[in-house]
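A.B. asks: Listed below, chain by chain, are the residues.
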Amino acid sequence: MQQTNSTASKMSGRHWRLMFSDQVFKWFCLFSAIVLCVVLFSIVFFMGKTGVLTFEFVKVTEYFFSLNWNPGFDETATYGAGIFFIGTILLTLLTLIISVPISVGIAVFLAEIAPTRLKETVRPILDLLVGIPSVIYGFLGLTILVPFVAKVFGTQLGDGLLAAALVLSLMVLPTIGRISDDSIEAVPQKYREAAYAMGCTKLQTIFFVVLPAARRGIVSAIILGMTRALGETMAVVMVIGNVPQLAESLVQPTSVLTSNIVMQIMAVPFESTWNYALFFMGFSLLVVALLLIVFVRIINNRSEVQ
Amino acid sequence: MQNLKDFKASKLAKIFNQFFMVSMWVLGIITVFFVLLLLFLILKDGLPYVTWDFVIGLPSEIDAGGGIGPMLLNSFYVTILSLLVSIPISLGAGIYLAEYAPDNKLTSTIRVCVEGLSSVPSIVFGLIGIALFVEYFQIGLTIIGASLSLAMLNLPLLTRVSEESIRAVPHSYREGSYALGATKLQTIFKVVIPVAMRGLITGLSLVAGRAFGESAVIILAGGVNASAEMWDFSLFSPGGTLAVHLWYVQSEAIVPDAKEIAHKSAAVLLFVVLAINLLFRIPLWWMERKMK
Amino acid sequence: MKKITIVMLAVAMFLSIFAIGAQARTVSGSITINGSSALLPLMLQAKKEFTARNPRVKMAVSGTSSISGPQSVRRGVAQIGTCDWDASTNVPGFKKFDGLVANKVAAIPFATIVNSANPVNNLTQQQLIDIYTGKITNWSQVGGNDAPIVVVNRAFGSGTRVNYTAKALNGATIIRSGANYKEASSSGVMATTVRTTPNAIGYIDLVYVTSGMKALSFNGVAPTVANVINKSYPIWGYGYMMTKGQPTGATKAFIDFVQGKTFQNGAVKKMKFIPIGAIK
Numbered sequence: 001m002q003q004t005n006s007t008a009s010k011m012s013g014r015h016w017r018l019m020f021s022d023q024v025f026k027w028f029c030l031f032s033a034i035v036l037c038v039v040l041f042s043i044v045f046f047m048g049k050t051g052v053l054t055f056e057f058v059k060v061t062e063y064f065f066s067l068n069w070n071p072g073f074d075e076t077a078t079y080g081a082g083i084f085f086i087g088t089i090l091l092t093l094l095t096l097i098i099s100v101p102i103s104v105g106i107a108v109f110l111a112e113i114a115p116t117r118l119k120e121t122v123r124p125i126l127d128l129l130v131g132i133p134s135v136i137y138g139f140l141g142l143t144i145l146v147p148f149v150a151k152v153f154g155t156q157l158g159d160g161l162l163a164a165a166l167v168l169s170l171m172v173l174p175t176i177g178r179i180s181d182d183s184i185e186a187v188p189q190k191y192r193e194a195a196y197a198m199g200c201t202k203l204q205t206i207f208f209v210v211l212p213a214a215r216r217g218i219v220s221a222i223i224l225g226m227t228r229a230l231g232e233t234m235a236v237v238m239v240i241g242n243v244p245q246l247a248e249s250l251v252q253p254t255s256v257l258t259s260n261i262v263m264q265i266m267a268v269p270f271e272s273t274w275n276y277a278l279f280f281m282g283f284s285l286l287v288v289a290l291l292l293i294v295f296v297r298i299i300n301n302r303s304e305v306q
Numbered sequence: 001m002q003n004l005k006d007f008k009a010s011k012l013a014k015i016f017n018q019f020f021m022v023s024m025w026v027l028g029i030i031t032v033f034f035v036l037l038l039l040f041l042i043l044k045d046g047l048p049y050v051t052w053d054f055v056i057g058l059p060s061e062i063d064a065g066g067g068i069g070p071m072l073l074n075s076f077y078v079t080i081l082s083l084l085v086s087i088p089i090s091l092g093a094g095i096y097l098a099e100y101a102p103d104n105k106l107t108s109t110i111r112v113c114v115e116g117l118s119s120v121p122s123i124v125f126g127l128i129g130i131a132l133f134v135e136y137f138q139i140g141l142t143i144i145g146a147s148l149s150l151a152m153l154n155l156p157l158l159t160r161v162s163e164e165s166i167r168a169v170p171h172s173y174r175e176g177s178y179a180l181g182a183t184k185l186q187t188i189f190k191v192v193i194p195v196a197m198r199g200l201i202t203g204l205s206l207v208a209g210r211a212f213g214e215s216a217v218i219i220l221a222g223g224v225n226a227s228a229e230m231w232d233f234s235l236f237s238p239g240g241t242l243a244v245h246l247w248y249v250q251s252e253a254i255v256p257d258a259k260e261i262a263h264k265s266a267a268v269l270l271f272v273v274l275a276i277n278l279l280f281r282i283p284l285w286w287m288e289r290k291m292k
Numbered sequence: 001m002k003k004i005t006i007v008m009l010a011v012a013m014f015l016s017i018f019a020i021g022a023q024a025r026t027v028s029g030s031i032t033i034n035g036s037s038a039l040l041p042l043m044l045q046a047k048k049e050f051t052a053r054n055p056r057v058k059m060a061v062s063g064t065s066s067i068s069g070p071q072s073v074r075r076g077v078a079q080i081g082t083c084d085w086d087a088s089t090n091v092p093g094f095k096k097f098d099g100l101v102a103n104k105v106a107a108i109p110f111a112t113i114v115n116s117a118n119p120v121n122n123l124t125q126q127q128l129i130d131i132y133t134g135k136i137t138n139w140s141q142v143g144g145n146d147a148p149i150v151v152v153n154r155a156f157g158s159g160t161r162v163n164y165t166a167k168a169l170n171g172a173t174i175i176r177s178g179a180n181y182k183e184a185s186s187s188g189v190m191a192t193t194v195r196t197t198p199n200a201i202g203y204i205d206l207v208y209v210t211s212g213m214k215a216l217s218f219n220g221v222a223p224t225v226a227n228v229i230n231k232s233y234p235i236w237g238y239g240y241m242m243t244k245g246q247p248t249g250a251t252k253a254f255i256d257f258v259q260g261k262t263f264q265n266g267a268v269k270k271m272k273f274i275p276i277g278a279i280k
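Just so you know, the protein sequences line up as chains A, B and C, in that order.
With our numbering, the residue at position 169 of the first sequence is 169, and numbering never jumps.
With our numbering, the residue at position 169 of the second sequence is 169, and numbering never jumps.
With our numbering, the residue at position 63 of the third sequence is 63, and numbering never jumps.
Fair warning: there could be bad hints in the mix.
Stated by the list, open to error - Here are the computed lysine to aspartate or glutamate pairs in the EDC-like style, where the Cα-Cα straight-line distance is at most 16 Å:
{"id": "1", "chain 1": "A", "residue 1": "K119", "chain 2": "A", "residue 2": "E185"}
{"id": "2", "chain 1": "C", "residue 1": "K95", "chain 2": "A", "residue 2": "E185"}
{"id": "3", "chain 1": "C", "residue 1": "K167", "chain 2": "C", "residue 2": "D130"}
{"id": "4", "chain 1": "A", "residue 1": "K202", "chain 2": "A", "residue 2": "E185"}
{"id": "5", "chain 1": "C", "residue 1": "K96", "chain 2": "A", "residue 2": "E271"}
{"id": "6", "chain 1": "C", "residue 1": "K96", "chain 2": "A", "residue 2": "D74"}
{"id": "7", "chain 1": "C", "residue 1": "K48", "chain 2": "B", "residue 2": "D63"}
{"id": "8", "chain 1": "A", "residue 1": "K26", "chain 2": "B", "residue 2": "E99"}
{"id": "9", "chain 1": "C", "residue 1": "K47", "chain 2": "B", "residue 2": "D63"}
{"id": "10", "chain 1": "B", "residue 1": "K184", "chain 2": "A", "residue 2": "E271"}
{"id": "11", "chain 1": "B", "residue 1": "K190", "chain 2": "A", "residue 2": "D22"}
{"id": "12", "chain 1": "C", "residue 1": "K47", "chain 2": "B", "residue 2": "E229"}
{"id": "13", "chain 1": "B", "residue 1": "K259", "chain 2": "B", "residue 2": "E99"}
{"id": "14", "chain 1": "C", "residue 1": "K95", "chain 2": "A", "residue 2": "E271"}
{"id": "15", "chain 1": "C", "residue 1": "K95", "chain 2": "A", "residue 2": "D22"}
{"id": "16", "chain 1": "C", "residue 1": "K47", "chain 2": "B", "residue 2": "D45"}
{"id": "17", "chain 1": "C", "residue 1": "K58", "chain 2": "B", "residue 2": "D232"}
{"id": "18", "chain 1": "C", "residue 1": "K104", "chain 2": "C", "residue 2": "D86"}
{"id": "19", "chain 1": "C", "residue 1": "K58", "chain 2": "B", "residue 2": "E229"}
{"id": "20", "chain 1": "C", "residue 1": "K48", "chain 2": "B", "residue 2": "E229"}
{"id": "21", "chain 1": "C", "residue 1": "K270", "chain 2": "B", "residue 2": "D63"}
{"id": "22", "chain 1": "C", "residue 1": "K48", "chain 2": "B", "residue 2": "D45"}
{"id": "23", "chain 1": "C", "residue 1": "K96", "chain 2": "A", "residue 2": "D182"}
{"id": "24", "chain 1": "C", "residue 1": "K270", "chain 2": "C", "residue 2": "E49"}
{"id": "25", "chain 1": "A", "residue 1": "K119", "chain 2": "A", "residue 2": "D182"}
{"id": "26", "chain 1": "B", "residue 1": "K259", "chain 2": "B", "residue 2": "E61"}
Think of the hints as simulated: they come from the structure by calculation, not from any bench.
Let the hints inform the model, and build the full structure from the sequences given.
C.D. replies: What follows is the structure, given as structure tokens:
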């Protein structure tokens with residue numbers, strides 16, 4: 001206060017300039033922050049606006065529940081996107097089934113079991129895995145995994161949900177693993193000591209004390225992994241086979257929302273039902289991802305309150 | 001009797017425990033081994049065969065022996081342009097959240113937006129790119145369209161790392177600066193940012209690596225082609241990057257040596273992404289040595 | 001008076017010839033070609049030859065599927081959109097594109113292809129129809145090994161698919177799903193799939209038939225350029241370059257070059273395409 005008074009008494013041009021640039025900078029920062037909100041809102045608004053045009057030509061029930069995706073530019077065209085929604089749900093579930101036990105296992109290993117030096121080596125390696133471009137995962141999947149799957153299952157083609165889920169599992173492993181790792185690490189040491197004092201083995205401590213204490217963190221890790229699996233495009237496109245049909249087995253070419261968008265969007269005119277239907281698929285993905293994030297936020301807020 | 005039961009139970013518990021510990025070790029070792037094996041596989045099949053001609057050569061659609069020059073150039077060009085657009089905005093937003101933001105509704109809205117934006121699937125940015133640049137501005141699939149769409153993708157992550165690294169600067173530094181009569185602006189630029197530089201640069205390398213390898217956005221907003229000649233810096237050239245080229249060569253191309261080109265492209269792509277993570281840290285080491 | 005008029009006319013003619021000559025020598029600009037992957041090899045060859053003569057023209061050529069050709073031209077992404085049908089008219093499944101002009105390139109022969117390890121060499125039209133409509137599902141039913149047939153189809157929007165369905169399959173409706181069914185988004189994907197899948201059957205334009213696959217005879221007639229010209233092999237179609245309105249500038253120069261004698265009798269023939277006037 002005193003400082004302000006003394007400087008205020010020596011009001012000079014320089015001082016005013018400083019005050020002014022201070023304010024301008026503050027406004028610039030606020031403006032930047034608001035730009036982010038504007039970007040998000042315009043994306044949601046625009047995707048929604050374009051996507052909803054689908055329903056001027058297609059019945060809502062047909063779009064979501066029909067499995068007959070046969071778009072085109074004549075009267076026989078049908079826009080049943082059910083296949084892709086089911087495909088995305090199946091793929092995400094399968095990915096989680098494969099990756100959650102492994103990722104949480106890795107997290108437990110890193111946080112509870114591995115000696116410090118090993119921890120410090122493995123963590124950066126997992127972080128490295130996050131940085132590998134998704135086309136490279138897709139490339140590995142296409143050149144190594146798909147022929148392998150075909151051989152193991154004795155099928156003609158190896159593309160399908162299984163190959164895609166395996167590739168995705170590898171991609172979400174570091175996401176789920178590292179965030180769970182952090183939240184397990186954050187469980188207070190005294191919890192563990194209390195469990196040991198009661199004669200628990202390490203296994204019992206981990207399962208009955210540490211994991212329950214870290215469950216909110218682990219759940220948000222799994223949800224974040226899920227958003228990554230939902231939205232992943234190129235790695236999936238390369239191994240899923242891209243046939244708009246419902247998968248009857250895990251090794252049958254099929255399509256999911258993202259792969260179908262990327263395969264068809266370039267071939268359709270912007271002002272067409274087909275294009276709107278693809279935009280609505282993007283919009284659906286967007287809405288689901290946003291809902292999941294809100295969910296994570298609620299979980300985290302609750303754990304802060306407690 | 002009771003004691004015996006307890007003893008048995010604890011013996012069983014011990015066996016379970018042993019089994020669990022062993023399986024966790026096996027899991028951990030297999031994972032590390034697997035990751036290293038993957039990196040090795042990618043680099044082994046490609047990197048030894050990469051020549052300078054391949055790196056700066058023009059791609060070929062029919063004959064063997066095509067290069068990846070314009071695509072590789074586009075990768076760097078698009079990444080740098082997208083960062084030039086997104087860094088000022090993200091840094092501003094990060095500084096606002098860390099230094100200015102009062103605890104009110106607006107601030108929590110901004111936070112929700114940052115998190116929301118970071119969850120947007122990358123293909124959605126691609127769709128927006130098509131709608132905005134191809135349909136609305138009618139400029140087609142270009143470098144500038146790809147860069148701006150990619151910049152939107154960079155924003156949330158870059159904002160988050162900026163905020164975190166600025167927040168990590170101890171409060172005493174700022175107080176010291178204010179005590180010397182510095183304004184907030186001077187404090188931020190002369191004290192906070194230099195101290196936060198390490199975190200900022202690590203975050204930047206993360207974002208740059210991701211932007212370099214991004215493919216879904218580029219395929220939709222930049223196309224699968226690059227310029228027909230090398231060193232073409234026009235903003236309106238086709239915006240296909242190396243990551244997109246890898247997909248194109250692997251699945252669409254008809255050149256007889258598509259497989260070799262794909263292997264080499266994958267190796268170069270991975271190599272550059274790994275290098276970005278290292279290179280960004282070099283000025284950092286240099287700065288730290290200078291400070292000592 | 002007359003003399004002056006004649007002199008002026010002569011001067012004007014001289015100037016205009018000079019102007020045309022100058023224009024021809026200094027064609028410049030940039031051309032983007034997008035569309036049919038069936039025409040891609042030909043367009044790339046044309047680009048090579050054309051830019052050698054006109055170094056100031058910059059060209060980018062790419063190909064995915066026919067529908068993206070007229071689409072890109074309409075969007076203004078490309079000056080030339082290659083398409084395996086005349087996109088300025090209605091064809092089955094596709095509405096015409098208003099305002100686009102079709103410029104013929106060449107006739108494209110299409111071939112039925114199988115993996116080179118497959119012993120089958122010939123299929124009748126009825127056998128093909130039965131395979132593509134799902135009535136025949138095993139190679140042994142058409143004289144091959146006892147192995148399931150993997151049907152590879154091109155995705156919607158492919159000009160190869162439009163032509164092949166109309167001419168080889170007599171307009172039959174191809175199956176759309178199944179465990180042994182796959183769709184290829186471009187000729188490149190088609191070639192890769194057939195090359196790497198032992199029991200696959202697919203179709204592609206003749207120029208793409210390379211190592212790892214072989215072209216089947218149709219009703220006993222081999223898919224050759226000569227058989228297309230003498231009309232014994234019916235699976236072929238014209239390829240077109242679509243432009244927005246009449247072409248001008250560098251685009252016009254390029255189209256003139258592609259339709260010109262040098263290119264039609266040179267690269268077109270060499271690459272197993274058929275010159276425009278050859279089929280009567």
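A.B. asks: Each of the hints needs a verdict: does it hold here or not?
C.D. replies: Here's how the hints hold up against the structure:
1. K119(A) x E185(A): Roughly 12 Å separates the two Cα atoms, so the pair holds.
2. K95(C) x E185(A): Measuring from Cα to Cα gives roughly 62 Å; hence the hint is violated.
3. K167(C) x D130(C): Holds: K167(C) and D130(C) sit about 15 Å apart, inside 16 Å.
4. K202(A) x E185(A): Cα-Cα ~15 Å, so holds.
5. K96(C) x E271(A): holds (15 Å)
6. K96(C) x D74(A): holds (11 Å)
7. K48(C) x D63(B): Holds: K48(C) and D63(B) sit about 12 Å apart, inside 16 Å.
8. K26(A) x E99(B): At roughly 9 Å apart (the allowed maximum being 16 Å), E99(B) and K26(A) satisfy the hint.
9. K47(C) x D63(B): holds (14 Å)
10. K184(B) x E271(A): Between K184(B) and E271(A) the Cα gap is close to 51 Å, so the pair fails against 16 Å, i.e. violated.
11. K190(B) x D22(A): holds (13 Å)
12. K47(C) x E229(B): Satisfied, since the Cα-Cα distance of roughly 13 Å is no more than 16 Å.
13. K259(B) x E99(B): violated (52 Å)
14. K95(C) x E271(A): Distance of about 14 Å is within 16 Å: holds.
15. K95(C) x D22(A): violated (61 Å)
16. K47(C) x D45(B): violated (33 Å)
17. K58(C) x D232(B): holds (11 Å)
18. K104(C) x D86(C): holds (9 Å)
19. K58(C) x E229(B): Answer holds: K58(C) to E229(B) is near 8 Å, not above 16 Å.
20. K48(C) x E229(B): holds (13 Å)
21. K270(C) x D63(B): It holds: about 15 Å lies between the C-alpha atoms, which stays within 16 Å.
22. K48(C) x D45(B): violated (31 Å)
23. K96(C) x D182(A): Judged against 16 Å, a Cα distance of about 59 Å means the pair is violated.
24. K270(C) x E49(C): Answer holds: K270(C) to E49(C) is near 14 Å, not above 16 Å.
25. K119(A) x D182(A): Holds, because 12 Å separates the two Cα atoms, which is no more than 16 Å.
26. K259(B) x E61(B): Distance of about 13 Å is within 16 Å: holds.
Of the numbered hints given earlier, the model fails hints 2, 10, 13, 15, 16, 22 and 23; all others are met.
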